[in-house]
Every structure is written in C-alpha cells, then in structure tokens.
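Listed in order, the protein sequences are those of chains Z and D.
Just so you know, my numbering puts the end of the first sequence at 365, numbered straight through with nothing missing.
Just so you know, my numbering puts the end of the second sequence at 365, numbered straight through with nothing missing.
Mixed in with the good hints there might be a few duds.
In this list, chains with the same sequence are indistinguishable; a pair is considered to hold if it fits within one copy or across any two.
[Said to hold, decoys possible] Lysine to aspartate or glutamate pairs mimicking DMTMM-like chemistry, simulated, CA-CA at most 20 Å apart:
#, residue 1, residue 2
1, 182, 348
2, 343, 328
3, 350, 307
4, 350, 254
5, 182, 221
6, 182, 347
7, 250, 344
8, 350, 167
9, 343, 306
10, 343, 307
11, 250, 47
12, 343, 161
13, 182, 275
14, 250, 358
15, 350, 237
16, 250, 227
17, 350, 306
18, 350, 275
19, 343, 181
The hints are simulated quantities; they were obtained by calculation from the structure and are not laboratory data.
Everything numeric in this text was worked out from a predicted model, so none of it was measured.
For reference, the chains in residue letters:
Number of protein chains: 2
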Amino acid sequence: MNAPRLHAVILAGGSGTRFWPASRGHRPKQFLPLAGGQRTLLQATVERLRGLVPVDRLWIVTNPQQAGGVLAAAPGFPPEQVIVEPHARDTAPCVALAAARIEARDPGAVHVVLPADHRIEPAAAFQRLLERGAELAADGRTLVTFGIQPARPATGFGYIELGAQLDGGQPAAYRVARFREKPDVATARAFVESGRFLWNSGIFVWTAAALLAAMRAGHRDLLAAAERMAAACRAGDDQALAAAFAAAPKTSIDYAVMERAPQVAVVRADLRWDDLGSFVTLGAEFAPDAAGNVQVAGAGARLLLEDARGCVAYAEGRRVVALFGVHDLVVVAVDDAVLVCPKDRAEDLKALVQRLREQGLAEYL
Amino acid sequence: MNAPRLHAVILAGGSGTRFWPASRGHRPKQFLPLAGGQRTLLQATVERLRGLVPVDRLWIVTNPQQAGGVLAAAPGFPPEQVIVEPHARDTAPCVALAAARIEARDPGAVHVVLPADHRIEPAAAFQRLLERGAELAADGRTLVTFGIQPARPATGFGYIELGAQLDGGQPAAYRVARFREKPDVATARAFVESGRFLWNSGIFVWTAAALLAAMRAGHRDLLAAAERMAAACRAGDDQALAAAFAAAPKTSIDYAVMERAPQVAVVRADLRWDDLGSFVTLGAEFAPDAAGNVQVAGAGARLLLEDARGCVAYAEGRRVVALFGVHDLVVVAVDDAVLVCPKDRAEDLKALVQRLREQGLAEYL
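So here's chain Z without its partners, still in its complex pose (with noise of 0.2 Å):
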C-alpha cells in the first residue's frame, strides 16, 4: 500500500492547574518552555511532525482564549488551518470539527490525532508509529491508537490491553482487547506484570469515515453532531458549522469513541514519552544536578540555587530566584505569580487554587 497522505491534528485547547502559576487558563501547558532549549511543547510537538506532514496538511485545535498564543507560538502557520473551537465541549466534538474540516479540504485523507502538550523522543521513531498507524487506518475503517510500553505501575494514566498481533509488521500492531480507565497501584502492577498492558497514550490515527462510522456504533447525539459539522464544512457554511458544534454532547474521545468502536487497533510505541503531570515529574525530562534540584530557567531568567537540594525550580521573565538553604520544595515565579510549596503538596494545587478563586483573585487563574 503506497503512503497516506497524511493530515496532522494538534489539540492545543484545555487548561490545568497542576503547573500554576505557570500555566493559565489563557496559557495552557502547551506554552511553557518544557521542551528544552526554550522550546515550548507546542512548538516542539510542531517540530516533531517535521518532513512527515507538510505545514498545509497541519492543523491546530484550540479554544478562543488561547489562539492568540498559538499563532505567537507557531510563526508562519497559516492562521486558516487554526480550528477554533467555539465553546469547551472536551475532546470528542474537537476531533469530529477536524475532521469535518479536514474531509472537506481533502476527502478521504487519512489524519493523526495528538496532544501539544506531551515530550515524546525521538522524533524519527514517532514518525515511523505514525507512518504504520497511518497504513493500518488507509482502510478507512480502523481507528488506531498507540500503547506506550510502561516504565513503572503508574497509577495516573489508562492502559490499553492487547489482543491478537495484527501481522507482522513493524512497530507491531494489536487488536485492542479493551481499553481500562486508571488503575490502583495493586492493578497497575498486575498490568506491569503481565506484559499485555500498554500506557493510552492519547494519540489516534483515523479517516473521517472511520471515525463516523466508530460514532454511529457507539454515541448517536455525537454523530449526529458530527454528520451536521461536517455537512457544514462542506458547505463552507461557517454560522451551521457553529450550530452544530454547540449542539455537540460535551464527551471525551476515549469515553464517546474509542472504548466502544468496533474495529480500534494499536501500534506499540517503544520510545520515550512523558506527559508532563506536574513540576514533581519533571526531573523525568530535566536532568537533576548533583544536589537532586531540577532547574527549568525561561528566557532572561536565572536560577541560584545555594545550599538547596531535591527542589524543582522554574522560572520564567527577567529575575533571579534564589533557594538558599531549603530542600524538597517546589518554588515557581513568572511575572505576576510565585508558588512556594513542598514537593509532596505540588500535586495537590487543587486546594489552593480554590482559594485563589474565593479570595477574588481568579484573574490570577
């Protein structure tokens, strides 16, 4: 089978607390520098697709808040290939938008489906995955996922379990024999253990078509959304193509499509992948120094750490950011915002940011 040609979908919307002060509802994960060497994810995740998907077949979902930043973040991307979402409604009507979208533009094209706001490496061996998955979805009826083959039981991701090898192609490919919501570490080990459970990744290649047909199997009001979304596109009628993206249920992916479509597939993925939970797991992309501190200094910032250890440090603008004699705390400064907390209290922000909220400083949210 001769190569797809292959359209990219970036999901660049949603917000998150777990990296506040940094991250904002109107600067999302994706916007920080955690790529390394300044890079922003989103600008890395642009990157990664390099040579594989050619900037007119590239195509970045986000909400009204945040396409601003996209298009600072993403010099020269034509700003008609920015899908706005017109309100949140999670990911399920996002990826019905683009792919009436795409369908439209280029019909039958087969479309990958990723996250801005994850670090994967190295970069030729995700297009190789996304190469295969793009084989096995040319069909027009396979939805394809990839499985990350675990590092450790972790207890806050889902996990994908194997069935049957498809064939004997490479990265191997399985039939999904289900798809399992996050675990308790007693499971997640049982998991591990058992060789036959891989990390969802939240990476999907698919048609229009297939991903149609994967809602008319599974949830009717989302189809009939997506069917009117993309009867709009075609009709390049922008006012119904709005319409019926409000009239979309408010569903996930994984939830609306993937756990019950008929025919999903998965392409094992042996490569290095982090989400980027929260500033703790940082030093999983950040190499600590000798003292255990894990640094990530934005542009024109400067870390001084004197005397500290274990600590996680990020920092973005003009200033310094002294620790001088702490240990195990994480400290975040950017313009208008510092967070001192300990390490073991860095993913529970929930707490604070509801203060935040009743002390009328929402605006710092």
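We have chain Z; now place chain D onto it with these hints.
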C-alpha cells in the same frame, strides 16, 4: 530657655543585604514599605517630624545612586535641601557636611541627626524627646544622644552606659559614662540587669560648633575636612565643598566623634523603637496572623498563605504570592527577584549575595 530653631538631618544613604531582594544598592531599606499602611520608612521618618521641624529646616543626606529615589519618595520636598554626598564616606563626613550646610544658612542653629530607616512610635513622644535634646544642645557645647530602654539583652545594638543625671528635667537626661560596642549575650544580660545601660539609637542633636569642638578633641583629620567644608559652604563654593568631602577620612560618627567627645548627654527614650534588622524580626512591627505568619504586601501585591505557618511573606508589585503547605520560610518576591530561604538562614544572606556576584548576577544586588 526658649525653644531653639531646630533643623533635622535625615541620613538616607547606605545600603544593605539583609532585606535582599527587596532592598538593593539603589533602593535600601528606607525605601521599603515597612512603616505600615504602604508607607516607606523614609516617608514615615519625614512625617514623624511634622509639626516640630518645618520643611524649610528639613534636610536629607543621600548618595548619588539614591537621590532620585529620595525625591520620588518625598514629593514636594525642596531639592536644594537634599544633600548628595559625593562619595561613600561613612557617617562622620556626612554629618559634617550637613552641619556645614545648616550653619551657612542658619548660624548657631541646633539640628537633630537621625536615620531614615527606623520605626519609632509614638511620634508625639519622639518629638518631646527631640525638644528636650534641643534644649540641652542649645548651649553650643553639648552633644546629645538618645538611649532606648532595652526590651531584651540584644547583641545586635551598641549600648550607652549612664553617668550622673543632668538635671530634674523630663524626659530624664544623663551624662554618658561610656559607649559600649555590640556585646556578647552574657554582657548584654549584665547590661540590662544593671539598669544603667540603654541601647544606642543612632539619633543625635547638636550645633555645628559643638560638633567641630568634639572633632577638635578627637579626630584631627576629620576636623580639618569639616572646617574646609564649613568654609566652602560659607563661600558657596560647591567645588571646594566636594574636594573637602573627598579628603575626609572614612569613619563613623560613633567612633570618630561620640566616643571621644568631652561633653555628651543621653536622653532616656521610652518609646517603641526598632531598627528593622531583617525579615525575621518584622514580626515585632507587623503582627503575625493566627498561624504565626508575618505578611507584608506592597501596593498591588497579594499574599495567599494556605496551610502555612511561621512564615514571613513579603511581596511588592502587581502579583500574587502563594505559600502552600510550608512553614518557617522567608519568601520575598519583587519584580525581578525572588528569595526563598528558611527563617533561620535569613540573617545570613551574605553567602548568597557572594554567590550572586560570582555568578555574574551583581545587577540584582
């Protein structure tokens, strides 16, 4: 005796690292909002003299780096009464320069010399003290100092040993038996228990003639420079004044004048006095909250302490500073710098400042 015409000289030069990064070379402690209600210590010092010393008899001595900040902090203050010391020369040449300027304008005037960066309350008691000092200094021979009733056996202050009481006037005044440098803790305890020692406040009242006479008895090089400054001021010769200042020895008023002067009186000061030695001692001025946290927020700054105890949090500029689940830390955040350190290290910032220099970060000092 009628009340003499009283001038006041506010010493607003100097620098210091104990409030880094809030204090800097161009912005020492007196410019920080540590006087309560967003006021700087310098503003509070000017206000404390209101009603006793009219603005046309008020002088501020500072250095070239800080002159702009002085005028900005004291709007409406006559620029010709800002005395800019051409070089850093410790306090003795400064007070000689101020005395020469005042004597040229108002021969025979009594003047008070006081630091810009102390907190003293209440103002009415302070003014009564200065009036008492001015009466004693009006003889043109007596150097008057003020001694603070010790609240504890502090080792960070100099002490004044009381001699015979001078007269029946109130507040009580004494001959000075001896000046004692910062004692060790056992000596400090003995001082306080004896009832014959007061803290040296660093506040003085005298005439120019009395100051010159004391130099004559003590430090001849300083006397020569002071006499040249006086002559230059009488002649209105700024160039000669600068040359005379440059020729003055670098020495302190305590060492070069007070400890050697033949006729020194001390007025017992029974008021709240604090020289604000470090962030950690701010609790004496800014009442801690129920969890023992001291919070100082400049205009526009917001502090959010959630599950924090025993901390000192200081912020300036439009920003939120969140302390979450930490204890006994000092956290300081200003526009271009952040410090995080344990309270028990906050008085030892010299090592950190040294590292800032070594790392090429002296611009942040």
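Consistency of the hints with the structure:
1. Proximity of residue 182 and residue 348 under a CA criterion of 20 Å is satisfied intra-copy only: 18 Å inside one chain copy versus 47 Å between copies.
2. When the C-alpha separation of residue 343 and residue 328 is checked against a cutoff of 20 Å, the pair qualifies both within a copy, at 6 Å, and between copies, at 16 Å.
3. Taking the closest pair of Cα atoms, residue 350 and residue 307 come within 20 Å of each other only across two copies (13 Å); inside a single copy the shortest separation is 30 Å, beyond that limit.
4. With identical chains, the CA atoms of residue 350 and residue 254 are never at most 20 Å apart, being 24 Å at best within one copy and 55 Å at best between copies.
5. With identical chains, the CA atoms of residue 182 and residue 221 are never at most 20 Å apart, being 26 Å at best within one copy and 81 Å at best between copies.
6. Taking the shortest Cα distances, residue 182 and residue 347 sit within 20 Å of each other inside one copy (16 Å), while across copies they are farther apart (48 Å).
7. Taking the shortest Cα distances, residue 250 and residue 344 never come within 20 Å of each other, neither inside one copy (33 Å) nor across copies (52 Å).
8. Taking CA atoms no more than 20 Å apart as the test, residue 350 paired with residue 167 passes in neither setting, with 45 Å inside one copy and 67 Å between copies.
9. Taking CA atoms no more than 20 Å apart as the test, residue 343 paired with residue 306 passes in both settings, with 18 Å inside one copy and 15 Å between copies.
10. In this assembly of identical chains, residue 343 and residue 307 lie within 20 Å of each other by CA distance both inside one copy and across copies; the values are 17 Å within and 14 Å between.
11. Taking the shortest alpha-carbon separations for residue 250 and residue 47, neither the intra-copy value of 31 Å nor the inter-copy value of 61 Å comes in at or below 20 Å.
12. In the homo-oligomer, the alpha carbons of residue 343 and residue 161 never lie at most 20 Å apart, since the shortest distance is 33 Å inside one protomer and 52 Å across protomers.
13. Proximity of residue 182 and residue 275 under a CA criterion of 20 Å is satisfied intra-copy only: 14 Å inside one chain copy versus 57 Å between copies.
14. With identical chains, the CA atoms of residue 250 and residue 358 are never at most 20 Å apart, being 27 Å at best within one copy and 55 Å at best between copies.
15. In the homo-oligomer, the alpha carbons of residue 350 and residue 237 never lie at most 20 Å apart, since the shortest distance is 41 Å inside one protomer and 67 Å across protomers.
16. Taking identical chains as interchangeable, the C-alpha atoms of residue 250 and residue 227 lie at most 20 Å apart only when both belong to the same chain, with a minimum of 16 Å there against 86 Å between chains.
17. In this assembly of identical chains, residue 350 and residue 306 lie within 20 Å of each other by CA distance solely across copies; the values are 12 Å between and 30 Å within a copy.
18. Taking the shortest alpha-carbon separations for residue 350 and residue 275, only the intra-copy value of 19 Å comes in at or below 20 Å, while the best inter-copy value is 40 Å.
19. Taking the closest pair of Cα atoms, residue 343 and residue 181 never come within 20 Å of each other, the shortest separation being 26 Å inside a single copy and 45 Å across copies.
Violation of the numbered hints given earlier is confined to hints 4, 5, 7, 8, 11, 12, 14, 15, 19; the remaining hints are satisfied by the structure.
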